[in-house]
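Peer 1: These are the residues of each chain, in order.
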Amino acid sequence: MRRTTALLLRHVGGGIPQALADMLVCPLSKKPLRYCDASGSLVSDAVGMSFPIVDGIPCLLPKDGKLLEDHQRESGHETSPRDSSD
Amino acid sequence: MALRAAAARLSSSSLRRRHGHLLPAAATASHAAFLHSHATSFGFKQVREDEKSKLVGNVFSSVASSYDVMNDLMSAGLHRLWKDRLISKLNPFPGMKHLDVAGGTGDVAFRVVERIKSVSHRATQGTLTDMEEDTHIYVCDINPNMLDVGKKRATEKGYNEEQCLSWVQGDAEALSFEDGSMDGYTIAFGIRNVTHIEKALSEAYRVLKKGGRFLCLELSHVDVPVFKDIYDIYSFSVIPAVGELVAGDRQSYQYLVESIRRFPKQEKFAQMIQEAGFEAVEYENLVGGVVAIHSGVKL
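Respectively, the protein sequence lines represent chains Z and R. Residue numbers for the first sequence follow the UniProt record's numbering, so the first one is 1 and each next one is one higher. Residue numbers for the second sequence follow the UniProt record's numbering, so the first one is 1 and each next one is one higher.
One or more hints might be untrue.
Claimed, not checked - Short, incomplete list of chain R residues facing chain Z, as computed with Cβ under 7 Å:
#1 Phe93
#2 Met96
#3 Ser166
#4 Trp167
#5 Asp171
#6 Gly180
The hints are simulated quantities; they were obtained by calculation from the structure and are not laboratory data. We treat Cβ as the ideally placed atom computed from N, Cα and C, and that holds for glycine.
The shape of chain Z in the complex, shown without the other chains:
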């Protein structure tokens, strides 16, 4: 049963395995990240920045983060890797 669940959730969060999504936080604020489907990036709402995922590897270097445009801020439509594990 556990294995099936793991399989289903495997790619929640745009190619990031669940075990990874569960652990990741924003490198600056240490607050949760949410996955943004539209941009395929990880968003830290706490500091208003997004971090890219390149070849399945999240790039969580503060210097590689991009400032969010206004329309990208918490829209409520994104799926959070964290929520979907519940």
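With chain Z fixed as given, assemble chain R onto it according to the hints.
Peer 2: What follows is chain R alone, placed relative to chain Z:
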């Protein structure tokens, strides 16, 4: 070569007195950045703090593909034994969450996985247990080229990312993992290249659970009289030359040997680990101090 090293040493001390004003980049790059940046070391050179990470990045991008071959050559294969020693000190267990920082090529992570597999297979005679499924090793490296090498090697070894290994590009000084989330933290030949060692140590402390182990394998300081002289000649003459021959990159390996000499001595580093909050801090010298393994526990 010895002359060149001496010259580098001289110029670095004069640069330090002038606080890096002589460095061309400092004059041309943004003045605002310079105002807020302190001088730090890049090998024997003094550079701006924000520049060190860039320079270190260049070194590792440049050596990523030949990194493992060079490690074998430079240490006469000993780095394998040192890493094995690190793992036996870590004593990995099934179900553990482990973070390996600066381990892009996967050398430490693969060993942790192997050890856990062998431990749990002995216990359960080959059946995959729930505990083993919970095992997860996170590899964090600041350099994407090193991570690419590691990911490729993982595929070759038949490791399935979803099962137990994850790769993250991140900074040891600003980790992107939750507080109290890891049972173990290792950093092998990495902390020397970090700009602020104390920030990396406090991040290690933050991500560890109570009872979690911190282990650091690093090239250190030799204090055995004659052996020290031989080691110095080897470091400053042989390594840069081999680096040029094999990796086609003398400067990166010149940086390597200089950065080793700039790293705090064993006792001082142990004290820094204590200051970060760790308890039961101790270290073990291997090969007379060519490398040292420092360890601590978060209580």
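Peer 1: Of the hints given before, which are not true for this structure?
Peer 2: Violated hints (numbers, rising): 1, 2 and 6; every other hint is consistent with the structure.
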